[in-house]
Structures are given as structure tokens and as C-alpha cells.
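Protein chains in written order, with the working numbering: chain A, 1 to 166; chain B, 1 to 103; chain C, 1 to 391.
Derived by calculation from the structure, the hints in this document are not laboratory data. Where a beta carbon is used, it is the ideal one built from N, C-alpha and C, also for glycine. Certain hints may be false.
Partial pick of chain A residues on the chain B-facing surface, computed with a CB cut under 7 Å [unchecked claim]:
1) 44
2) 73
3) 105
4) 154
Here are the simulated lysine-lysine pairs, BS3-like style, with alpha carbons at most 30 Å apart [unchecked claim]:
5) A:120 <-> C:194
6) C:156 <-> A:23
7) C:54 <-> C:86
8) C:54 <-> C:82
9) C:82 <-> C:4
10) C:4 <-> C:194
Just the calculated beta-carbon pair ranges, DEER-fashion [unchecked claim]:
11) C:61 <-> B:88: 46 to 56 Å
12) C:154 <-> A:13: 23 to 33 Å
13) A:153 <-> C:77: 28 to 38 Å
14) C:369 <-> A:106: 54 to 64 Å
15) A:156 <-> C:387: 52 to 62 Å
16) C:31 <-> A:132: 48 to 58 Å
17) C:20 <-> A:105: 41 to 51 Å
18) A:89 <-> C:255: 42 to 52 Å
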Amino acid sequence: MSLVFYVIAGLSVAGALAAVLLKNTVHCALALTVAFAGLALLFLELDAQFAGFAQILIYIGAVAILVVFAILLTRGSETPKDTVYSRHWIVGLVTAAGIFAVLGWAVLHSTVALPRETTKPEVTVMDIGNALMGRYVLPLEIVALLLTAALIGAVIVAMHDKEGAQ
Amino acid sequence: MTPLTGYLLVAALLFAIGLAGALTRRNAILVLIGIELMLNAANLNLIAFWRYGPNPEALTGMMFAIFSIAVAAAEAAVGLGLVIQIHRHAHTTDLDAMNRMKG
Amino acid sequence: MIEKADQIFILLSHWLVSFLPAWLQAAAMVLLGVVAIVVTFPALFAVTVLLERKGLGRMQNRYGPNRVGPYGIFQPIADGIKSLTKEDIVPRSADAVVHFMAPVFLVVVVFMGYAVLPMGRNMTLVNMDAGLLFFFAIGASSELSVFMAGWSSRNKYSLLGAMRAVAQMISYEVPLLMSSLAVVMITGSLSPNKIVDAQNQYTYGLPHWYIFTPWGFAGFLLFAVAATAETNRSPFDLPEGESELVAGYFTEYSGFKFALFFLGEYVGMMGISGLGTTLFLGGYSAPFSWLQWVPSWCWFFGKVMLSMCVFIWVRGTLPRLRQDQLMNFAWKFVLPLTLLNLMVAALWRFMGEGWLRWVVCSAILLLAYTVMGRVGMRREHFGPRSYRYAE
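Okay, chain A solo, but in the shape it has when bound (with noise of 0.2 Å):
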């Protein structure tokens, strides 16, 4: 386990631990680009290229802005007046503790079968895009009229009701 490894993923925890316990939204979603960024990086050293900058275009270069618009928009900036967290936050902690137990006990009991080093994978754009339009054509298709559809649906959800006139 390199170096580079752990320092990544430190990165990425320490954005993601801070994007759900600070105060201030906009540094909680602040918080939340800097995982992004880790979790870009882990794939770039996973060489996952085109994964790793498709991940830093979208995600921090539309989700995030996306996040920041919509705190603004809703007035999350402001201080709040309770506490930021619900009533029965124990139920949540501990319900995600349990899941982080069983999914690390899996992980470090059930990795006998699979090989300890593989050969680095020597991944083209050309071998993506001949993917993209080859075997996974309809996937493709799919996800485009998807996303045509959420985009629809995104501006008539967040569009103003036209008032009567006065």
C-alpha cells in the first residue's frame, strides 16, 4: 500500500467527515468538492483516466456548483437556529457504524479468492469510445434520454407557478 495511497484517501475521509459535520452548509459542500477531488485522484491512481477527469468535469465542475447554487438559492448560508442536527441522530450513527462494521468485516474476510497484483490494464480512449458505441450502445441511449429527462423535469420542478394577474 503505497504512500500516495493513503495520503489520497486521508484527503478524501477527512472532505467527506467534514462535509458532514461542519456548521456552515457552504463549507460542508466546500468540504464536499475537496472529496470529490480525492475520489478523482484514487481513480487516476487506480488508472482509471477518463473515469478520474469525468469525475472532476461532473462532479466538481457541475454538482458542486449545483450544491452552492442550491444553498444560496434556499438561504441555507444562514446561521441556523436549533442545532444541525435532527432530534434522533444516535439512530443514524449507529445504524451507519453497524453497516461500516459488516461491510469491513466482509472486505477483510472474504478477499481469499481474488489475485494480490494484476497486471496494469492498458486503457485507450479509443478502447472507451469503441466500448461506448459497440457493446454498450443502448446503455448509452438509455442514459441520454435519462438525462434529457431529468432535464426536463428539473426546470418544470423548479419552475416558478405562474401567478394570476393582479
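Fit chains B and C to the supplied structure of chain A, relying on the hints for placement.
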């Protein structure tokens, strides 16, 4: 500990943190942030298994992850639109206050 | 001899690195490349700032700065000293951490974009297979720093300027990507090196630059418009309009942080000009085959500085667009034209060689431009005025 185990543990940790955030915060937008973290953790899992799995030339894991990124972005857009509309209606994004079906 | 002049920087760096032990040499090469970029482009920034002030001044029928040194050439040095010694005022209610991080983040992000640009033969810092995607991904991250700057100042005008700037940058992100998509489609690769290699060929002495094809010309114009909007330059500079919003999202910045924002903006402009020259103007290739004795990096930097001059020229000429006109222009004019450009590029590719494809493609693009210009950009007709008096 193999490299694959390391990546899977990081993914599990991120998933748990995202879940904790989604379940414990009041603000609806922070719940969506938690959901995005969970989706990212799942993507990390996919790419890790693609890299250390038996057949990386088939590109299955990477394709799955790319489609997942696209779908997550669409879902974030619609979710945030919904949150904005709810705020316009109820003038708050506090989930503890929105505990009745009546508008 | 010509080879040596062309590769002089590569040979120099190899010679410098040869003094180090073998295990350190790869890292040292990369470090030398980074240092070269970090030194060159701020120097070009200083030249550009002076050029802009003198150029704008002359276009507005006045001299630019001409006190500091002959023809004002030491003005950038004076500006640098001023911005370093000015007091750094942080508003008391501002968010100190985010306020500090915003210019730093911007400068880091714009410098990272230079890693994939081929600045000369064999002079790309990192030869990535998906280099273009890297550049666009990094460019998209710079929008976040604009938002951070505007929000952390806790100032209504800064926030308004930041929201407008981010909305504008997001709207023009899509035409920027789609106009470069036509180039990627025709070349068949996302790597800037391969794109330049595809343009580095000559028939009868004329180069195969993509700007000399109908779809390339339209693509270049659309790319230029989108690039001007991405870097918040006039005529798209409402977010930093001096007469509207004080200084927009960097109202509350003074001293060195303001200089960093300024540096980030101009270095970003040079980066996107570099990308434009790589995609459409042939990167480091010479205009005519008998001019290839001039070193390749001369051509690259010459084309980038020419693009900067065009940016300055456009700034001095066109009036500013209003926010809604800007957004209208993006979504209703530029984006459909980029989609059409993509289809015309495909048509060009499949029509085979000959004069017919030139005529057909040019005709389609001109027709689309005229029709969209008349139909899409109609001016609103206002009805008769109605007056409402206070009761």
C-alpha cells in the same frame, strides 16, 4: 492487506460517512450531499474491482462507473430542484419541521 | 542547426538534468518543465497587461501609460511592486479561510491546464491520452473559485457578481466543449499532440489547419466566443463590470490577492488561447511549408499572443452584453450552431475529397447562421406603454 482491500475499505468508510450524514442532518441539502458521497463510494468500489479483477480489458467496471456518474448528476439536479421548490412552499429546508403530509 | 534551435529547450533541460544521479532525473525533468511554465507565463502576463493598457488607450484615442520608462515598458514592474506593498484588507465579517483560498485555488487551477498543451515539437509537459478532457475538467473547476471569492466576502454585490459569473461560465461551458468536439471527431483522438500532428501536414505549401475548413472556421469562431465568455472578458464581462458592480466578485480583495485574481484571469486567457491554437490553428506548425525553419515554439507563442491581441481588440471595440442577452445568446444561438457544426463536420468527413464538400458545408453553415440570426435573435417588440400611478 492487498491494495484491493485498501480501496474497498476506503469505499466502505466513505459510504458509512455519507449514510451518517444523510441520516443525521436537518438540512435537506445535506441529505443530498450524503447521497452523493454514497454514490461516489460505490463508484470507487466499481473501479477498484475493475482494476484488480479478472478481466479489465472488457472495460465493464469503468463503463458502469461512468454511467453511474452521469445518473448521479441527473439525480442531483432533480433532487436539488425539488428542495428549492419545497423551500419556496414551506420557507424552510429543515427536515424535522416537515413532518406532516398536509401542505 | 534548425533542429537544434527547434529543440533548444529540450536539449537544455536534458543537459541540466544530466548532472543529477539517474534515479532523480525523471522527477527533475518534470520539475524543470513546471518551473519553465511558472516563469514564462507570468512574464507573458506582464507583457500582456502592458499591451492591453497601451492598446486600449490607443483605441480610445489616448496614450496608455507612458511615464514609467520609455513607452511605459516598466509599468508592469511598478504595478507588481504596488500590489505587493498594498495593505491586505480582509473584511471583518468575511469568511477568512475561504477568502484566502479563492485566489490560490484559481491560480493553481489555471496553471494546471498548461500541462497538456503542446508548446513546441516534443514540448508537452505531460503526454496524456485524454489530455483535452483533462484541460476541460480543470477549466470547469475554476468556476468554483469565482463562487468562493464572491460568497466569502459577505457582500451583496460580490455575491451577485459571483452568481452571474458562475451562471455565465456554466452556460458557455457546453458550447466550448461541443465546438472542440468536432475537432476531436475528425482527428479521432483526445490527445492534443495527435491533433497537432494531424494539422502539421502541407499540400502545395498550405497547411491542413482546421480553421481553413468550413466547419473548422465556424468552430473556431464559436470557440472564440465561448472562450471570451468563459474568461469573463468583454463583451461578456458584466460580472466584473466596473460600472455595475464595483468590481464584481473581487470587490473585497486588495493588494496581492487582487493581483492573484488578475494573474489568474490572464493566465487562464492565455491557456484557453493555447488550446484554441492547438485545436484550430495548428498548434506549433508553421503557416507555410517553406517557413518551417522557424522554431516550432516561436509559432505557438506567436499564435497565443496574436489571440491575446484579438481579445484586447474585441474588448476595446464591442459594448458589453447584458446578463439576459448573454444567456439568450448562449442557449439559443451558440449552442444550436455548435450542434450543427458537429453534424457538418461529420458530413465533411463522409463526403470524400473534392470541391463539392467545401460548397455544401459552407452553404449549410452560412444558411444556419443567417436563419438563426434572424429568427433566434429577434428583438423584443414592446407594446404601447401603460402607466400605473400610486393611489
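(request) Take the C-alpha atoms of residue 54 (chain C) and residue 82 (chain C), compute the straight-line distance between them, and say whether it is at most 30 Å. (result) Roughly 19 Å separates the two Cα atoms, so the pair holds.
(request) Starting from the range 52 to 62 Å, see whether the pair residue 156 (chain A) and residue 387 (chain C) falls in it by beta-carbon distance. (result) 35 Å Cβ-Cβ, so the 52 to 62 Å window is violated.
(message) Quick check on a hinted range of 42 to 52 Å for residue 89 (chain A) and residue 255 (chain C), using CB atoms only.
(response) holds, 43 Å
(request) Can you let me know if the beta-carbon spacing of residue 31 (chain C) and residue 132 (chain A) is within 48 to 58 Å? (result) At 37 Å between Cβs, range violated.
(message) Quick check: does the Cβ-Cβ distance between residue 369 (chain C) and residue 106 (chain A) fall within 54 to 64 Å?
(response) holds, 60 Å
(request) Sort out whether residue 194 (chain C) lies within 30 Å of residue 4 (chain C), counting only the CA atoms. (result) holds, 23 Å
(request) Assess, step by step, whether the Cα of residue 156 (chain C) is no farther than 30 Å from the Cα of residue 23 (chain A), and give holds or violated. (result) With a Cα-Cα distance of about 22 Å, the restraint between residue 156 (chain C) and residue 23 (chain A) holds, given a limit of 30 Å.
(message) Need the status of pair residue 82 (chain C), residue 4 (chain C): alpha-carbon distance at most 30 Å?
(response) Distance of about 41 Å is beyond 30 Å: violated.
(message) Is the interface hint satisfied for residue 44 (chain A)? The criterion is a beta-carbon contact with chain B at less than 7 Å.
(response) Hint violated; residue 44 (chain A) Cβ to chain B Cβ min 10 Å, cut 7 Å.
(request) Go ahead and decide if the range 41 to 51 Å is satisfied by the Cβ distance of residue 20 (chain C) to residue 105 (chain A). (result) holds, 48 Å
(request) With chain B as the partner, please determine if residue 154 (chain A) meets the hint condition of a C-beta pair closer than 7 Å. (result) holds, 4 Å
(request) Check the following: the C-beta atoms of residue 154 (chain C) and residue 13 (chain A) are separated by a distance inside 23 to 33 Å. (result) Taking Cβ atoms as reference, residue 154 (chain C) and residue 13 (chain A) lie about 30 Å apart, which means the hint holds.
Hint check: violations occur at hints 1, 3, 9, 13, 15, 16; the rest are consistent with the structure.
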